[in-house]
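Here the structure of chain A is known, so what remains is to put chains B and C in place on it, guided by the hints.
Order-wise, the sequence lines are chains A, B and C. If you're matching positions, the first sequence starts at 116 in the numbering used here and goes up one per residue. If you're matching positions, the second sequence starts at 1113 in the numbering used here and goes up one per residue. If you're matching positions, the third sequence starts at 360 in the numbering used here and goes up one per residue.
The reader is advised that the hints may include incorrect statements.
[Said to hold, decoys possible] Output of the computed footprint for chain C on chain B, the stretches with three or more beta carbons under 8 Å from beta carbons of chain C:
no.	stretch
1	1123-1134
2	1137-1147
3	1160-1173
4	1186-1198
Hints in this document: simulated from the structure, not taken from any laboratory. Glycine included, every Cβ here is placed at the ideal spot set by N, Cα and C.
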Amino acid sequence: MKFFLLGLVAGLLLLLLFISLGFGFKTDQPISFNHKKHIEQGLECDSCHHYFKTQNFSGMPDLATCLECHKEPVTKSPEEEKIRQFQKKGQEIPWRRIYGEPDHVFFSHRRHVVLGKLQCQNCHGNIAGSERPPSKPWVNMTMNWCMNCHTKNKVTNDCLACHV
Amino acid sequence: MRTAFSKGFLMHRWGMVIDLDKCTACQACVVACQAENNVAIIGPEESAKGRTIHWIELIPYIEGEYPHIKARLLPRPCMHCDNPPCTKVCPVYATYINEEGLVGQINHRCIGCRYCTTACPYTVKYFNWYPPDWPKELKGSLNRDVSVRTKGVVEKCTFCSHRLLRAREKAKIEGRDLLPEDYIPACVQACPSGAMYFGDLNDSNSTVSTLSRERRAFRLMEELGTEPKVIYLSEGM
Amino acid sequence: MGGGAGVAIALGGGFWKWSQLPVAENPNAPGVEKWVPTVCGQCMGGCGILVRVIDGWAVNIAGNPLHPVNRGTLCPKGIAGLQGLYDPDRIRTPLKRIGKRGEGRWQPIAWDEALSTVTESLKKLRKTGESHRLAVLGGRYRGLMRSLWERFLETFGSPNYIDNQFQWDGATIEGLYLTQGIYSPPAYDFENARYILSFGSDLLESYWSPVQALSAYGQFRRGTPERRGKLVQIEPRLSITGIKADEWLPIQPGGEGLLALGIANMMIKEGLYNKDFVSNFSFGFENWTDVNGKEHLGFKEFVLSEYDPDVVARRTGVPVDSIIRLAREFASNQPSLAMGYRDRPFQQMAVSILNGLAGNIDTSGGILIPRAVPLQSLPPVGKDTTAQKGLQVDRIDGGKKPSLMLQQPYLFARNVISGKPYRPEILFLYYTDPLFSNPNPELFSKALAQIPLIVSFSPYMDDTTSFSDLILPDRIPLERWQDDPVFLNNGFPVLGIRQPVVEPLYQTRATGDVLLHLAKSLGGEIQKAFPWNDFKEILLYGIKGVFDAKRGDTIGLQFEQAWTRLLERGGWAAPSYKTFEEFWKQLQEKGGWWDPIYDFKEWDRVFRTPTKKFEFYAQTLKQIYPTFSSKDLKDLSFFPHWEELKDAGNEKEFPLHLNVFRTMTLTGSRNANQPWLQASVGSYVFERWGTWVEINPETAKGYGIGDGDWVWIESPKGKVKVRARLYKGAMPDVVSIPFGQGHTSGGRWSKGLGENPYRLIDEDLDPLTGYPISKSTRVKIYKA
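Chain A on its own, in the form it takes in the complex (with noise of 0.2 Å):
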């Protein structure tokens, strides 16, 4: 009992040390981003994550996607004149990445989206329907969280079909 009340004080404050030096995961992103107002005027999903359809991975929105509707003001939002901000810095907006695998793990969107026919849901929640943009992932995404729903679908579990 002594050893785990040990290991758990220290784990705790091991886990404060890490989210105070930005290990794990940071909570901010650089624009507070609203899905549900995009989604209202009539946007979809790939219209901003090009190639979740056609390639493993769904890419962020790049800025000039952004500018295509924001290169003049649409709102009277502070948030909104970030986009401008960024552009003039010639930067890119510096997105924090949420979702990501190992690089031993072979992941590809294509083949969930278009064969296995699921949605964006399923894996990320309702995003659609948020009104500010994710701070940690949905859902943990282990190892046994795939294998658990690879195996509801009588899809492979074969060590090779995801490590390479």
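Here is chains B and C on its own, set in the frame of chain A:
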């Protein structure tokens, strides 16, 4: 030769044929494999200790006495045995044989005990003695399709299984079967004299099947009972 | 347990940050890939490649399946091109030397400053009327850049382009020149040959076009169902070609030409030569009378009297019955090919003559002479008075114009040291590294020390560049536009197009663009001679000629060639493009152009000798001999004949012969800083990342040397310390050292690694070519 029926059709069984009569020992396969699979750079001192990593390696056999010499140079990838000795000794299931005959090496699961390295009679397993270290200028040219192994894990030839994943996906999206030319390992693709062939041994009409039945065909150390799936064609008529 | 849980939650999300792949640093990069066709530049092979580019990074190099040179395959050097592009020790900006030459201290400067420094020096030369004191040492490259350099020198006013491209590898160029009058490598159609007699030609390792040789080997062996070609290798060491050959005949180093003459003797004696070819298409076989009525010896009588098999057997060590058997095999297994290496000219000629005796000139499976790629020549230049005056001056290596056989570099070096006729004031180094890759580099080191301003255009800090004063780094082949005219083994001309696959990594400029800039700054006629803005415009100008030629097509799949050929023979031009814009677009998409037709029996293309025939008696030498007044010009001097090797070093003190060879992976001086190539250099003797010496096990035992021991190899010129490898394929009195390592500069993976065996080679130059003799050095060996 094992066959596996799944979903009512014969599954693929990937094998390779190397025609030694056409092989020129140029080592294009060796370098192509290192480039494709992000193999670490092992420098001169470490090489001298025998710690180079070549998933496919040119093995020299030089016998006889001057001037009557019999020499043979053999490119040796992983044999992807049907009865692999390495999978039987792995304590953590990091190496195993899948339904299509590929002997997988899941680097991230490996604990680096090196039992498999000792068990393999063909010495195809390589241990990462050092953390991989590329100068930052070279990092961008790493192949995004393949992982980078850490220090302390074993790696070996995978028959470029990452290419199979992509080829299979592409074929499925295009609504067709996997064709032989869709999935070719990097070594086979690079070989200038066309000495390497790759394909499905379960398809009796494929090039590798046809060649594996030739009179010149032999496998390495067959007497050990490993059932290797790399078939060599000896030199000469 | 609890602690582990906390850490796991913290770490779970950001796992890819620990990856070594670029995703760690740039997680939002789109990762879209594209494949760009271009031409590899790691050697002179000219293979077409496809480069996979992701987010502006070149990630994979694969062969271009459409390109006829390599058809989708590659040699190890090609794949290592990535390490050449992303070499961490590349030169990134123009550099100016601070401190003494060779100290290795450099100051990065801006391009403007570098270019104005060079321009000022060039202007000064012209003003003082000494424009001839600009010399350009050019190495191994081809195409429009060569025309550009020569044009620059012509309009500047200097006759001094020194050609340093033909070194100890490559085909028997002099052999072809003396027999057929053509000074370039021939096309050996060995894919279709039935029998190859290789006199020391390590064609599986160091052929000038590696992938062509390798793929031809595959075809040669198993390309035709009932026929498997036979390869006989005659060489003083068991090379990879020897291992793959059906028969290896050890021979005393340098004796290959003599053996060829012995075989010629047998072929003539037994009447096994192609009488039809010899009587209709050759000159000098029988005795003949010249226009002045003087009687001359013919090759037949000459060889029959001098080169009996037992004479040859005694000198070469090859048994008599082998010589007789080889002659019979060579003659009866048609088509047969005799190939050699770049030996002394008459020895090369002896090998080439065997092909003439067999009649395999301009035949399938024989020697073919390809057409040139019809690039448009640049328009004539205007020369002002300064230029005209400069061009009148004798060349710095002696002689008014470049004499074809005379290899300029060594005479150049000697004349610079002696100061006669004059020394250059400015030397440009382009694509050449004489302090490393010329045998006897010490000569060049002494010569370069005499030159006040040395400007190097090399993108790597190679041995010679580290001795220069100013570096204007060129771009790597993957970063620039260029033409690459080449030909196939079966004689088809091919034009590859090199295009940039990535943005240039550093502040480098293509040398073609630099030359244009210099020309503009110099003004006057020089500026007028270069009315283009950049090299790409010159490229477009040049390929207009290919478009206008109305032959051939952009490269395509192999079966398309039959269709193109059919139409062309019918007299129609059948390219898949109609306008020049379409042509250029296709060139960039596919990677090149080719003309898949070989026109047989066009004899003016095949024989460019004075007699317009295959010459057993080399009339071409008549033009060269006047410069050698001391030569006793008997008929002997025009035949291929055995010349005694003046051994460097006496036999007692230096008992072993030195044989320097080249490996597949390290054939150039630019590839040593590529770890993939270093790691696979000597696999057959278990040697990597270093230089080794192959020594016969019995001989080694006699010296008390074991496998892996460090030994000194010493010649009269110098000594090197290498690792000994006991190799059964080594002759008892021959030691072999590979060339390729031993850089004093160049990068972290090549500097100080291994040894350069060229430092052991002596000053002895061949009188006809002015080039060092390759097999005459003797050495001794002892434990370190």
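Checked hints:
Here the stretch 1123-1134 of chain B counts 3 residues with a CB under 8 Å from a CB of chain C, which clears the bar of 3, and the coverage holds. Counting residues of the stretch 1137-1147 of chain B whose beta-carbon sits less than 8 Å from any beta-carbon of chain C gives 9, enough to reach three: the coverage restraint holds. Chain C is given as covering the stretch 1160-1173 of chain B, and this holds because 6 residues of the stretch bring a CB closer than 8 Å to a CB of that chain, at least three being needed. Residues of the stretch 1186-1198 of chain B with a Cβ under 8 Å from some Cβ of chain C number 0, which does not satisfy the need for three, so the listed coverage is violated.
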